[in-house]
Structures are given as C-alpha cells and as structure tokens.
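J.: Make the full structure from the sequences, and use the hints.
What follows is the residue order along each chain.
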Amino acid sequence: MSFGSWFRDRPRLLEYAYRGAYWLFERVDPLLKRLGYARVESWIHPLEKLGKKVIFDCRMCGQCILHSTGMTCPMTCPKNLRNGPCGGVRQNGRCEVKPEMRCVWVEAFERSHKMPYYGQEIKNLQPLVNRQLEDRSAWMTILTGEDQNVPSGWEDVSELTILDS
Amino acid sequence: MSPEQHQTQEYISGSRLERVLRAGRFAVTAELNPPDSADPQEVYDAALVLSRVCDAINATDASGANCHMSSVAICALLVQAGYEPVMQVSCRDRNRIAIQGDVLGGAAMGVRNLLCLTGDDTSAGDQPEAKRVFDMDSIQLLRTVKIMRDQRKFLSGREITEPPRLFLGAASNPFVQPFDWRPLRLAKKIEAGANFIQTQYCFDMLRFRKFMERVRDLGLDEKAYILVGVGPLRSERAAEFMRTKVPGVVIPDEIVDRLRKTPKSQKREEGKRICVEIIQQVREIKGIAGVHVMAYRQEELVAEIIEEAGLLPRPRRPEAPDTDPFKRDRKWKRESGKQ
Numbered sequence: 001m002s003f004g005s006w007f008r009d010r011p012r013l014l015e016y017a018y019r020g021a022y023w024l025f026e027r028v029d030p031l032l033k034r035l036g037y038a039r040v041e042s043w044i045h046p047l048e049k050l051g052k053k054v055i056f057d058c059r060m061c062g063q064c065i066l067h068s069t070g071m072t073c074p075m076t077c078p079k080n081l082r083n084g085p086c087g088g089v090r091q092n093g094r095c096e097v098k099p100e101m102r103c104v105w106v107e108a109f110e111r112s113h114k115m116p117y118y119g120q121e122i123k124n125l126q127p128l129v130n131r132q133l134e135d136r137s138a139w140m141t142i143l144t145g146e147d148q149n150v151p152s153g154w155e156d157v158s159e160l161t162i163l164d165s
Numbered sequence: 001m002s003p004e005q006h007q008t009q010e011y012i013s014g015s016r017l018e019r020v021l022r023a024g025r026f027a028v029t030a031e032l033n034p035p036d037s038a039d040p041q042e043v044y045d046a047a048l049v050l051s052r053v054c055d056a057i058n059a060t061d062a063s064g065a066n067c068h069m070s071s072v073a074i075c076a077l078l079v080q081a082g083y084e085p086v087m088q089v090s091c092r093d094r095n096r097i098a099i100q101g102d103v104l105g106g107a108a109m110g111v112r113n114l115l116c117l118t119g120d121d122t123s124a125g126d127q128p129e130a131k132r133v134f135d136m137d138s139i140q141l142l143r144t145v146k147i148m149r150d151q152r153k154f155l156s157g158r159e160i161t162e163p164p165r166l167f168l169g170a171a172s173n174p175f176v177q178p179f180d181w182r183p184l185r186l187a188k189k190i191e192a193g194a195n196f197i198q199t200q201y202c203f204d205m206l207r208f209r210k211f212m213e214r215v216r217d218l219g220l221d222e223k224a225y226i227l228v229g230v231g232p233l234r235s236e237r238a239a240e241f242m243r244t245k246v247p248g249v250v251i252p253d254e255i256v257d258r259l260r261k262t263p264k265s266q267k268r269e270e271g272k273r274i275c276v277e278i279i280q281q282v283r284e285i286k287g288i289a290g291v292h293v294m295a296y297r298q299e300e301l302v303a304e305i306i307e308e309a310g311l312l313p314r315p316r317r318p319e320a321p322d323t324d325p326f327k328r329d330r331k332w333k334r335e336s337g338k339q
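So the protein sequences, as listed, match chains A and B. Just so you know, the first sequence maps onto residues 1 to 165 in our numbering. Just so you know, the second sequence maps onto residues 1 to 339 in our numbering.
If we take Cβ atoms under 10 angstroms as the criterion, some of the chain A residues that face chain B in the derived model are:
| id | residue |
| --- | --- |
| 1 | 80 |
| 2 | 85 |
| 3 | 87 |
Just so you know, these hints were derived from the structure itself, not from any lab. Only a predicted model underlies this, so the values are computations on that prediction, with no experimental measurement involved. Even for Gly, the Cβ is constructed at its ideal location relative to N, Cα and C.
T.: See below:
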C-alpha cells in the first residue's frame, strides 16, 4: 500500500483537512488578495502540486472537486469521467483500461459513504471541464471563483431533482 | 408512462421510435453492423433485413474503438432510404466543438434519435495507439444536446436558429460494479436529459431484476423508456470471448455451460433460443419498454429472434402517415404553431 492510498482510505480525515483548509483560506483571503493572487499562486502552485500528487495522484486540472467525488481524483480515471463510472468496469471492480488499477469510481463510491459532510455531493451533475485551467492551482481558482466558470450556455443542475419529484 | 401522461405531453422529436414508445407498444431496436467499406449498398443490405423487424436502427460510432464507416454517414444513408436511425455519438474521438457540429448536421439530415455514449476506450480496439479525447462524458453530452434542443443555443451561449429535434438516449450497464451506484447513474442521465435508455447485453437476469427493483423504487421507469440490450451467442467460445474481451459484458457461467453441452451443429440454434428466452423474461418485468437487439456478425438471426419472441408484426407507421422526417417536422410546426 502506498503512502497516498493510506490517506485516500481515510476519507473522513481528508474531509476534516479539507474543511480546515477551506476555513483557513477564507480567513487569509483578504491578505492573499492584497498580495495579488497571481503572485501567491506562483508560491503555492509547487506545494499544491507536490502534496496533491503524493496523496491523490492529482493531475492539476485546476478545478478540484475531490470533496464531491469521495476524495478520489476523477481525473485519474483514464477517461477523465467526472460524473460516475463508465460501463466497462471489470467484474473484480478493476478498470477497463488499466486492469492493475481499481476503478476510480468504485473507490469514490465506497469512500463517499464514509463522508458525513460531502458524501451526498457524489450525486451532483458535474459540468464540463474547463481545459484552460489545466496546470493552475485549484486552491487559487477556488478563491478567485474561476473554477465555477462554466460555459455560458450551460445550465446548472447540481442535484438530482427527479428523485424528489 | 401512463397513457394519460402521453396525451398531455407533446412529442419531443416526433421520431418513429418516440411514437411507438409513447403509444405504449413494446419497442424493438436493432444494431446495424457498420461496414468496413465505402460502398453504400452494404449499409442498405444490412438495413433492409433489420428494418422489417424493428422500429429503429442503431448506427454505432466506432464501437469497441474499431474503425468502421462513421455513424453520421450511415445515418445519412439510412434516412435517405426512408429508415429510422438512432445516431450513436461517443465522446472518445471528438471534442465538444466537433460533437455539437455533428449533432446539428445529423438533425439536418433527418436524424431524430441520438444515443449519447462515453465510448469504449481506445485500448479496446485495433488502434490502441490513438489519442483518446473524452473532452466530455456521456452525461455532459446529454445535457449539452438537451440545451441545444430546448434552449436553442450552443454551450457557448450562441444562438441556434433551428434547434435539433432529437429524442435523446443514453446507455446503462446494470451488470458491472459499483452495483448500488448504477440506478443512481441512470437517474443522473435522466436528469441530464435522457428520454430513452438502451442497456448493455442482458444475460444475468437475477442482477437485472434487482436493478429494476431499485429503478422502480426511484420512479425512473416512469421518466424514461428503458430498452434492454439482448443478443444471440454463437458458441461457448464466442461467449468466452465476449465476457473477457468486450468491456462491460457479463455472461453467467450457466449460459456458457448450456452452450458447451449443446452439440456443435445446434449451438447457433441454442444461442438464439437463449436470446428469445431472455426477451420473454424481460417482457414480464415491470418498467421495461422494449428490447435492443445486438447481433454482432449474426444479423441474419435478428429477424428470427424477433419473430420467435412474438414481437411481430412491427407497427409500420404508428400514428404518423409520414415517414419523411422533414414532412413530419413541417406538420408538427403547423400544428403546434411553432416557428
């Protein structure tokens, strides 16, 4: 078992870490704004890249949705699926493309059950990836709101309303 | 959907498939094996056999990541000849710009049914060196086409003067992990815009019944028409190949054993019988609106299967005297007063 998977198999811990980091970033946001987001990003980017690479095998898509996908990076799915597993998952729960790897979404689904705060967000309908944000710091794009930039024609549907009706 | 609901809602696309499903008939669709050829006659020959026994013909988009004639072109040929195609679009080979263009092009040629797929990975095909695109996934694609159709605009927000009138389909595979997630994924697809569902090959009835139970609990069978994927197995070797090499196909050991015990000369017949039995069992399940027959390189069996399952004759022109989609469009516009 690798160092990263030790963390990934503790989604509750990661969830607390995420909430803590979010709280902290919100507090220091005015300061970061004064320093200039671009400058801060140039400092933070290598740290974020290294940390997330080790723990999540992060691909730096620049619009992190880890807390909505059971603390499992959806970009590590060979098909980059952000809305759930494809129909090619093997009987042993492994990936169609990389048989040595467990399906990202099988793991995401298991882990989301262990997450009291964001576990339900796995049902959200994720919009298309903004490829312009690739290799940007997701911590910064969250603060600047850039990660929420969806194509202007896109209509947001975040929850499964059909299940309630 | 109940008959009352049918009458209160207007047609989404006016496609033949939609009309059959709305009328409450048990629908039959079939997959056309795309030719490795530039000869249109090969498409017409294959379509002729299928069209007599089904309501719509699926044109695959390089399924299994193997290159064949494109689905857009097959659909164009089928519409010209008066057949009803279901255009399959996969996200593996094209980005969002190309796909939105193809959707408009397909609709302009008279395509009225669109099946949105994520697509098999390039590594499953005969050209694994190819670049995989996956710019969007099937759910985002469904949503995109729904926006194009209902909001008359591209993803960018730019206006579309004549929206594509499409009956939107999605795929579902109840037979692979994570099993608990599969009905929720179906819900996501319906939320995103799916009007009908075509499932992966169904051989595992136990698993499928469980899946449908959950689907009915969630009320999904009333929000989209579910067509079950079925197909004949040629022999136990073909079954073994499919379940090990084709992504997402699950065949229980009982079925493989049954084929193994059959004498060689009767294997094809037995494979067909299994398929007919599955159709009959599926028809008994509440919430199933039809079947989707996929007979890879065994097209000649499709007609026999559908006939023996008691699904003939097919409604030829249900409720609509016009087979020409453009004529239907003009009529629809006149009647609904739409521009």
